[in-house]
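Enquirer: Those protein sequences? They're chains A and B, same order as listed.
FYI, my numbering numbers position 81 of the first sequence as 81, with every residue one higher than the one before it.
FYI, my numbering numbers position 78 of the second sequence as 78, with every residue one higher than the one before it.
Simulated from the structure, these hints should not be mistaken for lab results.
Check the hints yourself; a few may be wrong.
Cross-link-like lysine to any residue pairs, in silico, SDA-like; alpha carbons within 20 Å at most [said to hold, decoys possible]:
1) K144/A x D3/B
2) K139/A x D3/B
3) K139/A x P6/B
Listed next, with one range per pair, are the computed distances between beta-carbon atoms [unchecked claim]:
4) G136/A x G334/B: 38 to 46 Å
5) S2/A x E342/B: 42 to 50 Å
6) G136/A x T275/B: 53 to 61 Å
7) F191/B x R150/A: 46 to 54 Å
8) D730/B x E7/A: 55 to 63 Å
9) R150/A x P144/B: 48 to 56 Å
10) E779/B x R150/A: 40 to 48 Å
Which residues of chain B face chain A? A partial, calculated answer using Cβ under 10 Å [unchecked claim]:
11) D3
12) E10
13) A13
14) A26
15) R32
16) V33
17) E121
18) L787
Note that this is a predicted model, so its numbers are computed, not measured.
Quick reminder that beta carbons are idealized off the backbone N, C-alpha and C, glycines included.
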Amino acid sequence: VSPSFEEFAAARAGALLRYAHVLTGDRARAEDLVQDALAGVYRHWSRVGDGSPEAYVRRSILHGYLGRWRRIGRWEQYGTAPEVAQPDLADAAVERDALRSALAGLPPRMRAVLVLRFYEDMTEAQAAAVLGVSIGTVKSATSKALAKLRADTSLGREVVR
Amino acid sequence: MTDIEPRLREVLADPAWTLPVPPDPAAWAKERVARQRLRRLLVPLTAAGSAAVAVAAAVLVPAIVQPASDDEPGLSWQRLPDPPLTPRQGSVAAWTGTEALFLGGDPGAPCPPTADCVRAEPPARDGAAYDPVRGTWRSTAPSPVDLPSYAVPAVLDDRVHLLVADEVVVYDASDDAWSSLPHPPGPVDGFWSITAADGRVVALRQQQSQAWFADQAYDPAAGEWAPLPRDPLVPAFARQVTSTPHGLVLTGQAEVPQPNSDRPSVVRAAVLDPTTEQWRPLPDSDQLGGPGWTWTGRRMVDPALGGADGGEVNGFGRTIPYGGTLDPATGTWGRLPNAPEELTGGWQAYAISGPQIASGGYLYDDAEESWARIARPEGAPEDPGAAVWAGDSLIVFGGFTDDEGYVVEGLSRRAFRYGPAAAPSPAACPPGARCPAPPAPDVRFDVTVDGRPVTSPTDPLPLRAGQEVEVSLRATAPDGLQLRSLVVGDADGSWGVGPEGPTGFDQTLVDEQEIDAAGTSHDVAWTPAGTTGLRFLVALFSAGERPGASIGVVLATVELRAGTDQVLVPAGSVAVVLRDRTLARVDGSGQVEPLAQLPEDVGEPDAVAVDPSGQLVLVSALSYDDDDASVCRAVVLQAEAGGELRRVADGASLALSADGRQLAYFRYATVDGYCRRTALVVRDLTTGAESTVTGLVDGPVGSTPPGWPVSWSPDGTEIAHVLDGAVVTDVGTGATRATRSFEGSRALAPAWLPDGTLVVLEGCCIGGGSVRAADTGQEVFAVPGPLRSIRPGRDGSGAWLTVEPAGLLRWDGRSLRRIPVEAVLSSG
Numbered sequence: 001v002s003p004s005f006e007e008f009a010a011a012r013a014g015a016l017l018r019y020a021h022v023l024t025g026d027r028a029r030a031e032d033l034v035q036d037a038l039a040g041v042y043r044h045w046s047r048v049g050d051g052s053p054e055a056y057v058r059r060s061i062l063h064g065y066l067g068r069w070r071r072i073g074r075w076e077q078y079g080t081a082p083e084v085a086q087p088d089l090a091d092a093a094v095e096r097d098a099l100r101s102a103l104a105g106l107p108p109r110m111r112a113v114l115v116l117r118f119y120e121d122m123t124e125a126q127a128a129a130v131l132g133v134s135i136g137t138v139k140s141a142t143s144k145a146l147a148k149l150r151a152d153t154s155l156g157r158e159v160v161r
Numbered sequence: 001m002t003d004i005e006p007r008l009r010e011v012l013a014d015p016a017w018t019l020p021v022p023p024d025p026a027a028w029a030k031e032r033v034a035r036q037r038l039r040r041l042l043v044p045l046t047a048a049g050s051a052a053v054a055v056a057a058a059v060l061v062p063a064i065v066q067p068a069s070d071d072e073p074g075l076s077w078q079r080l081p082d083p084p085l086t087p088r089q090g091s092v093a094a095w096t097g098t099e100a101l102f103l104g105g106d107p108g109a110p111c112p113p114t115a116d117c118v119r120a121e122p123p124a125r126d127g128a129a130y131d132p133v134r135g136t137w138r139s140t141a142p143s144p145v146d147l148p149s150y151a152v153p154a155v156l157d158d159r160v161h162l163l164v165a166d167e168v169v170v171y172d173a174s175d176d177a178w179s180s181l182p183h184p185p186g187p188v189d190g191f192w193s194i195t196a197a198d199g200r201v202v203a204l205r206q207q208q209s210q211a212w213f214a215d216q217a218y219d220p221a222a223g224e225w226a227p228l229p230r231d232p233l234v235p236a237f238a239r240q241v242t243s244t245p246h247g248l249v250l251t252g253q254a255e256v257p258q259p260n261s262d263r264p265s266v267v268r269a270a271v272l273d274p275t276t277e278q279w280r281p282l283p284d285s286d287q288l289g290g291p292g293w294t295w296t297g298r299r300m301v302d303p304a305l306g307g308a309d310g311g312e313v314n315g316f317g318r319t320i321p322y323g324g325t326l327d328p329a330t331g332t333w334g335r336l337p338n339a340p341e342e343l344t345g346g347w348q349a350y351a352i353s354g355p356q357i358a359s360g361g362y363l364y365d366d367a368e369e370s371w372a373r374i375a376r377p378e379g380a381p382e383d384p385g386a387a388v389w390a391g392d393s394l395i396v397f398g399g400f401t402d403d404e405g406y407v408v409e410g411l412s413r414r415a416f417r418y419g420p421a422a423a424p425s426p427a428a429c430p431p432g433a434r435c436p437a438p439p440a441p442d443v444r445f446d447v448t449v450d451g452r453p454v455t456s457p458t459d460p461l462p463l464r465a466g467q468e469v470e471v472s473l474r475a476t477a478p479d480g481l482q483l484r485s486l487v488v489g490d491a492d493g494s495w496g497v498g499p500e501g502p503t504g505f506d507q508t509l510v511d512e513q514e515i516d517a518a519g520t521s522h523d524v525a526w527t528p529a530g531t532t533g534l535r536f537l538v539a540l541f542s543a544g545e546r547p548g549a550s551i552g553v554v555l556a557t558v559e560l561r562a563g564t565d566q567v568l569v570p571a572g573s574v575a576v577v578l579r580d581r582t583l584a585r586v587d588g589s590g591q592v593e594p595l596a597q598l599p600e601d602v603g604e605p606d607a608v609a610v611d612p613s614g615q616l617v618l619v620s621a622l623s624y625d626d627d628d629a630s631v632c633r634a635v636v637l638q639a640e641a642g643g644e645l646r647r648v649a650d651g652a653s654l655a656l657s658a659d660g661r662q663l664a665y666f667r668y669a670t671v672d673g674y675c676r677r678t679a680l681v682v683r684d685l686t687t688g689a690e691s692t693v694t695g696l697v698d699g700p701v702g703s704t705p706p707g708w709p710v711s712w713s714p715d716g717t718e719i720a721h722v723l724d725g726a727v728v729t730d731v732g733t734g735a736t737r738a739t740r741s742f743e744g745s746r747a748l749a750p751a752w753l754p755d756g757t758l759v760v761l762e763g764c765c766i767g768g769g770s771v772r773a774a775d776t777g778q779e780v781f782a783v784p785g786p787l788r789s790i791r792p793g794r795d796g797s798g799a800w801l802t803v804e805p806a807g808l809l810r811w812d813g814r815s816l817r818r819i820p821v822e823a824v825l826s827s828g
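Extracted from the complex, chain A is given alone in its bound form (with noise of 0.2 Å):
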């Protein structure tokens, strides 16, 4: 018996929540986008709701997230990072908390590729349609987006701005 909308909503609202907020890095918007999602599937339940609500819901927080960007324009940074550099690498904390940083300082399609990949688990060619985009452009906006990361740590420097 497929579920209510009511009943999808109470249990899957808190991994959606957290999906959006690894994505955005940012928790009001990853709340937005979240409702926003949740009221476009409940909108169209007597369809979705057969099927895979839940990737319908995805699919519509990566694309509110991907797609409000050029008109919205607006940097998102997760967090704080401290005020002055630390470059000791060898405390793990502070290793996660620069990679954090270099995370948000990516553009929101490079996070996206990379939420996908490494949060979603999915295959290159699962992303590429996700995103709608080829395989080719996966692989290398992971690749890019990976070789930023690792240039932005590797310098020992905190992103601040």
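With chain A's structure known, arrange chain B on it following the hints.
Expert: Showing chain B alone in chain A's frame:
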């Protein structure tokens, strides 16, 4: 250095990304639906008090669409009732002689051109049939197999044959039932196409080369497939057959060793002699072939426009057309007469059947040898879905528009008919039939709720829950439109006026009997059901003499609020940025006065300000390069007369001092590969003198509310911005001091309240945030939702706030009140 991937996975898996879940996620989502619905359905009113309401297309069933000027004279588009199908593109379209069938199709997100898409959703199996005489739709029995958009139907009488996967499925429209035929003998490899010809289903190999397999024909009377004779066109591809009075004509494009290397792949043809049952080859053509041929009654036509020259390398040396004509009796090929240029056509609905040809955005009449451009009907998607000729009308269903990106929301479920404008008038419409409604009527209303005139149905009127209010309605409608009832829909968005009439309304304030008795002027008492959320007052009308309501018009929206909230009329001017990026001023009576529209390339506005005179209105915005986020552009704009905007500075996060004489803003530039705040600048608006208060500002970034807000102290001597708490900079000396740290949560925006308290917004999002004193951390007040901006009140007290998705709040020092303005940013 360790490899980055495992570390990245670890960071992405960090529990810190987990967010609190709203108590009732479904209700949370429905609230958004209600607001979206409000925005979509309603048309802003013009005259205060007495309002002309254009009926939103979404509630019309169905509407006549204005014919476009460049259409064929006498032909026009008409919006049909929506079929009982979900939005989709590419259904299988077929005409049985009495019904236009749309079967299956693709309900998933459209694939962008040149993209390599994996279908996330399987093709649909349901379908609908339109009866153009009765003007009604019915659902068809679901297919036993997925029906992809590329399946081509072969129609024999009432039976539609489709070769899908490893069988031929058959829909019998008279029985509304599916059956199947065996796959034609030969390889089951997907390289077959079927066509109806001469009472048989002909299955062709799409390509024939050295590995030759016999084409087949299925005779329903015999109940079996029989091979067709080997044709003389082998090797060939894009093979198809066309039924003509001269016999079955096989066409195919010549297979050449290397395409374009020495000769083009021109179309060749052969005729199946009815007496000898042998193929007779015709002379080769000088055309490259388009998507299909049709017999127009005088010759065969392939209506594809344009041509190809083979490219620069080994080209043909000339342009060879794609389409053309063929007389199979004489073997004479010809050019398309009077053919327009390729890519000059209108709406690209494609359907060819006998003499009726819609292709390339044109309607081609082979008898007159004339082309008429097909205009896109109003309300239709950019890319039409499946199309089929039904008698003298072209019926189009579905399609998509890529405005929203290639997402399912861009799909359409609308249907349109192109043909002679013979829509029955409402009076002539027989009872029980679904007939077109008249064009959007000019209905006029005077509506007051609780004594307040409704000037715009888009602005929710705040009402206290449980409070009985008086609703006053005076309506005048043109002849032919009759008010039937006044009803209420709640915020779950499930109400509306569909093909079956009104549904989902939960309260009736004035019913038909009362209207029959008292006409269209009513004063009724209404106690809205429920405790919170939106309620919509809807007037239902019927057209002509038809029973039942067919048009709904939203008259007013109220927002129920618990407690004692009431409308607060703003004292003094406040500048706002509305949801649609309009820069506007809110005057003392709460009226919104639009000043200018922010251009798309300006990016997201992050601050707005107005001086005490109310005359100087400024807005700042920061935009980033789409591909390189290290490149950003900041601009401060001033609203000028006539809706113009003038750039006054390169900066963002602006703030005006309380006296309106000093402007502060951040400068931005790319530093070390990032867009950073490089200076806090103050400009004296009286003298024009500009000074840098402090240089490069490092530190954490709060991205909500937008930008990196700053606030002036009431006396104009200090400016605050946020790091992990507030940082206060002395304007004269540049010296800074930090307030309490809000480590562990987030400090998002400062606001220096007029009483001298420096507050910081802490947290955000679901459940709201807290506005706390920057020095003590003590909560001053709580904010009920995700907050976008906070600004000190310019009238000497409190603050103005905007919350997601678009709401304006006033903190007067004691309580928080909502102002019915859809603002995303506000000044003090």
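Enquirer: If a hint holds in the structure, say so; if it doesn't, say that too.
Expert: To see whether the hints hold, each was checked on the structure:
1. Proposed proximity of K144/A and D3/B is supported: the alpha carbons are some 15 Å apart, at most 20 Å.
2. Taking the CA atoms of K139/A and D3/B, the gap is about 18 Å. The hint holds against a cut of 20 Å.
3. Restraint check: the Cα-Cα separation between K139/A and P6/B comes to about 18 Å, which is no more than 20 Å; the hinted pair holds.
4. A C-beta distance of roughly 44 Å is found between G136/A and G334/B, which places it inside the suggested range of 38 to 46 Å.
5. With their beta carbons about 47 Å apart, S2/A and E342/B fall inside the hinted range of 42 to 50 Å.
6. For G136/A and T275/B, the hinted distance range of 53 to 61 Å is satisfied, since their beta carbons lie about 56 Å from each other.
7. One distance hint, 46 to 54 Å for the beta-carbon pair F191/B and R150/A, holds here, with the actual separation near 47 Å.
8. Here the CB-CB span from D730/B to E7/A is close to 57 Å, well matched to the stated 55 to 63 Å.
9. Our hint of 48 to 56 Å for R150/A and P144/B holds, since their Cβ atoms are close to 53 Å apart.
10. Look at E779/B against R150/A: about 43 Å separates their beta carbons, and that is inside 40 to 48 Å.
11. Look at D3/B: its Cβ gets to within about 9 Å of chain A, closer than 10 Å, so that hint holds up.
12. Using the Cβ-Cβ criterion of 10 Å, the hint placing E10/B at the interface with chain A is satisfied: the shortest such distance is roughly 7 Å.
13. About 7 Å separates the beta-carbon of A13/B from the nearest beta-carbon of chain A, less than 10 Å, and the hint is met.
14. Given hint, A26/B at the interface with chain A, holds; its Cβ is 4 Å from that chain's nearest Cβ, closer than 10 Å.
15. At a threshold of 10 Å, the smallest CB-CB gap from R32/B to chain A is about 4 Å, leaving the interface hint in force.
16. This hint holds: V33/B has a C-beta 5 Å from the nearest C-beta of chain A, less than the 10 Å allowed.
17. This hint holds: E121/B has a C-beta 6 Å from the nearest C-beta of chain A, less than the 10 Å allowed.
18. At about 8 Å, the closest approach between the beta carbon of L787/B and any beta carbon in chain A falls short of 10 Å, and the interface hint on this residue holds.
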